[in-house]
Amino acid sequence: MEVFETFGLQLSSVHKIPLFAMPVQAGHPITADSRVESEIDLNDFLIAHPAASFFAHVRGNNMNECGIADGDILVVDTSIHPVDGKIVVVSINNDLTVKLYRDFDGIVTLQTDNERYVPLKIEPYMEFKIVGIVTKVIHSL
Amino acid sequence: MRATKLQTLKTNYKFEAPLVPAMMPAGLSDIADQQVRLLDLNAYLAPYPENIFLVRVKGESMINANIFDGDILVVDSREKPANGKIVIASINGDMAVKYFRQNNEGISLVSANEKFSPIKIGELFEFQIQGVVKHVIHDV
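Protein chains in written order, with the working numbering: chain A, 1 to 141; chain B, 1 to 140.
Source of the hints: derived by calculation from the structure; they are not laboratory data. Note that this is a predicted model, so its numbers are computed, not measured. Where is the CB? At the ideal position from N, CA and C, for every residue including glycine. Heads up, a few of these hints could be off.
[Unchecked claim] With a Cα cut of at most 30 Å, we get these calculated DSSO-like pairs of lysine-lysine:
(1) LYS58/B x LYS86/A
(2) LYS58/B x LYS85/B
(3) LYS86/A x LYS134/B
[As the list claims (entries may be wrong)] Cβ-to-Cβ under 7 Å is the rule here; a few derived chain A residues that face chain B:
(4) PHE7
(5) GLY67
(6) ILE87
(7) VAL90
(8) ASN93
(9) ILE130
(10) VAL134
(11) LYS136
(12) LEU141
Isolated chain A, as found in the complex (with noise of 0.2 Å):
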């Protein structure tokens, strides 16, 4: 899976919204005079570290298996180091590319769906970078 497109973002300022309690009672069009509970910001509650993250879009679909699919728009942060099991962006001689961390004793391997079986091993003559750990998922239907 690669990334095909990047965006940058910006401290802008803080936008309070509203956080609605839910009552769920049969017939009530939830959108109707629900009860604020608290407030919070979409940038925080989807971006922990701005000024660490971008945004990446990716293309493929061999990272279905992991809930990416091909042309959604992931948050990576480039501040959080990867452990086994997260999904990373790396760059391997200069593209973007989307792949399974996998740590097994030191043994660092970068997986796709279909590298299950063959991974790519990292040694220490490749050229590459983990530039950040994706933190979200946003998948357009």
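Using the hints provided, position chain B relative to the given structure of chain A.
Showing chain B alone in chain A's frame:
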């Protein structure tokens, strides 16, 4: 799969996310697009914020549609449900996330998980479509 309403979006604000090279995280600016690109998260997720609400899903009845337990759905409350769309419906007081299917025999709500049977909407049901799911956000 049940849904819990999380929040309603407030109108009149914009979050613009331009690609500013100086703002790009260190190490990325050399490989990222040099062009300034804008991504307005609100315009993208909630073009008509007054019609939009968010729900957090619970359950696994929509896993084959890539909707997992704990995901956040961005829902448009004004969009008319069309055949095959994923909708938030209230059925006898419970909120559910389902495919909306309509044919000569009426309306049914279908899960994306073979373990769950379709729900045929009959006269006995108190039933209302709350909105059409536009975006799915999940943690990875």
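Structure-based check of each hint:
As the CA atoms of LYS58/B and LYS86/A are separated by approximately 23 Å, the hinted pair is consistent with the 30 Å bound. At roughly 19 Å between alpha-carbon atoms, LYS58/B and LYS85/B fall within 30 Å of each other, so this suggested pair holds. A C-alpha spacing of about 26 Å is found between LYS86/A and LYS134/B, which places the hinted pair at or below 30 Å, so the restraint holds. Interface restraint check for PHE7/A: the shortest CB-CB distance to chain B comes to about 4 Å, inside 7 Å, so the restraint holds.
Nearest Cβ of chain B to the Cβ of GLY67/A: about 6 Å, under the 7 Å cut. The hint holds. A distance limit of 7 Å between C-beta atoms decides the matter here; for ILE87/A the minimum to chain B is near 5 Å, and the interface restraint holds. Proximity of VAL90/A to chain B is violated relative to the hint, the smallest CB-CB distance being about 11 Å (cut-off 7 Å). Among the interface hints, the one on ASN93/A is violated; its C-beta lies about 10 Å from the nearest C-beta in chain B, farther than the 7 Å criterion.
At a threshold of 7 Å, the smallest CB-CB gap from ILE130/A to chain B is about 10 Å, leaving the interface hint violated. Because the smallest distance between the Cβ of VAL134/A and any Cβ of chain B comes to about 5 Å, under 7 Å, the interface hint for this residue holds. Residue-level restraint check for LYS136/A holds (minimum Cβ-Cβ distance to chain B is 6 Å; threshold 7 Å). For LEU141/A, the suggested interface contact is upheld, since its CB lies about 6 Å from the closest CB of chain B, less than 7 Å.
Comparing the model with each numbered hint stated earlier shows that hints 7, 8, 9 do not hold.
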